[in-house]
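Below, each chain spelled out in residue letters.
Protein chains: 2
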Amino acid sequence: MIAIQDLYPDDFAHCYGCGKSNPSGHRLKSFPVGDEVVAHFTPRPHHISVPGFVYGGLIASLIDCHAMATAAAASERAAGRQHGDGPVPRFVTAALRVEYLKPTPLGPELEIRSQVTERSEKKAIVAVTVAAGGAITARAEVVAVRMPKTMGNPAGIQKTS
Amino acid sequence: MIAIQDLYPDDFAHCYGCGKSNPSGHRLKSFPVGDEVVAHFTPRPHHISVPGFVYGGLIASLIDCHAMATAAAASERAAGRQHGDGPVPRFVTAALRVEYLKPTPLGPELEIRSQVTERSEKKAIVAVTVAAGGAITARAEVVAVRMPKTMGNPAGIQKTS
Chain U
642 MIAIQDLYPD DFAHCYGCGK SNPSGHRLKS FPVGDEVVAH FTPRPHHISV
692 PGFVYGGLIA SLIDCHAMAT AAAASERAAG RQHGDGPVPR FVTAALRVEY
742 LKPTPLGPEL EIRSQVTERS EKKAIVAVTV AAGGAITARA EVVAVRMPKT
792 MGNPAGIQKT S
Chain B
642 MIAIQDLYPD DFAHCYGCGK SNPSGHRLKS FPVGDEVVAH FTPRPHHISV
692 PGFVYGGLIA SLIDCHAMAT AAAASERAAG RQHGDGPVPR FVTAALRVEY
742 LKPTPLGPEL EIRSQVTERS EKKAIVAVTV AAGGAITARA EVVAVRMPKT
792 MGNPAGIQKT S
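Top to bottom, those sequences are chains U and B. When you number the first sequence by the working numbering, it's gap-free, plus one each residue, and the end is 802. When you number the second sequence by the working numbering, it's gap-free, plus one each residue, and the end is 802.
For reference, chain U alone in the conformation it holds in the complex (with noise of 0.2 Å):
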């Protein structure tokens, strides 16, 4: 299956978490299953805040690109769309909350899950979670909006419900 970020059209799609086109990133890929929006991304060893543990930095940029995913693909499919049909909007972070629940190892591979808790044809409120080796280790609300005109104009994309 395609990942949501690879539908993002070529002309944004530089993103530094998520981005095909940013080879110094960290392209994480996020796929729809069944109502939520799952990615998995294992952290290299200079992604640490302190011995054994991950950057916080790290969970919240992670965070912030699944939320957006997950909100165009809830975008597409309010408007009578599947997966894979086309390239999907881009939407950017207005509000990003994270509570870290405990610290998270470093070593497994994090699994990020998320659901829309909210949505209109602008704004999405994303709920996410973090985990690693099975335990929650963060949650957070993300409020995600479609990108404002003043930040591109981009080609080949189809209105949304």
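Keep in mind that the hints were calculated from the coordinates and are not lab data. Check each hint, because a few of them may be wrong.
Okay, derived cross-link-like pairs now, BS3-like style, lysine-lysine, Cα gap no bigger than 27 Å in a straight line [what the hints assert, rightly or not]:
hint	chain 1	residue 1	chain 2	residue 2
1	U	K790	B	K743
2	U	K764	B	K743
3	U	K661	U	K790
4	U	K670	U	K790
5	U	K670	U	K763
6	U	K763	U	K790
7	B	K763	U	K743
8	U	K764	U	K661
9	B	K661	B	K790
10	U	K763	U	K743
11	B	K670	B	K763
12	B	K763	B	K661
13	U	K661	U	K763
14	B	K764	B	K661
15	U	K670	B	K743
16	B	K764	U	K743
17	B	K743	B	K670
18	B	K790	U	K743
19	B	K661	B	K743
20	B	K743	U	K743
21	U	K661	U	K743
22	U	K743	U	K790
23	U	K661	B	K763
24	B	K670	U	K743
25	B	K670	B	K764
26	B	K743	U	K763
27	B	K743	B	K763
28	B	K790	B	K764
We have chain U; now place chain B onto it with these hints.
Frame of chain U, contents of chain B only:
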């Protein structure tokens, strides 16, 4: 003047966002200036969200590290010690709330400023702004807590008040 992060004990100086011992990291440097703490950081071209704008995950990361340094400096000041007197305690993030007020242009140096709005021996709440070219583009509230002993036991740290 030495940066607050460069006063973290050597065993806890690996942070991807601000550790002096992480050659792959951002190495953010925060300095006390009056009642505030100030840092400057110029994002690199690959720290992009969409063309022309800074990746929000980087902004959250800089806020995170800057807030922890702010909490550490406030803890030292409350204990009657001056900046530079010795190693400072490590705080970790309990909660991070970022509002992205407007897109942050990619190119200019960013200025990150913070103040402690509330503190106790083990916890501080830190208000942070991020500005580009004099305009504030993001605002945050961060809850910092003293690093729990389960995350390590740093040498050379005095008790804080």
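Exercise. Tell me, which hint numbers fail for this structure?
Worked result: 10, 19, 20, 21, 22, 23 and 27
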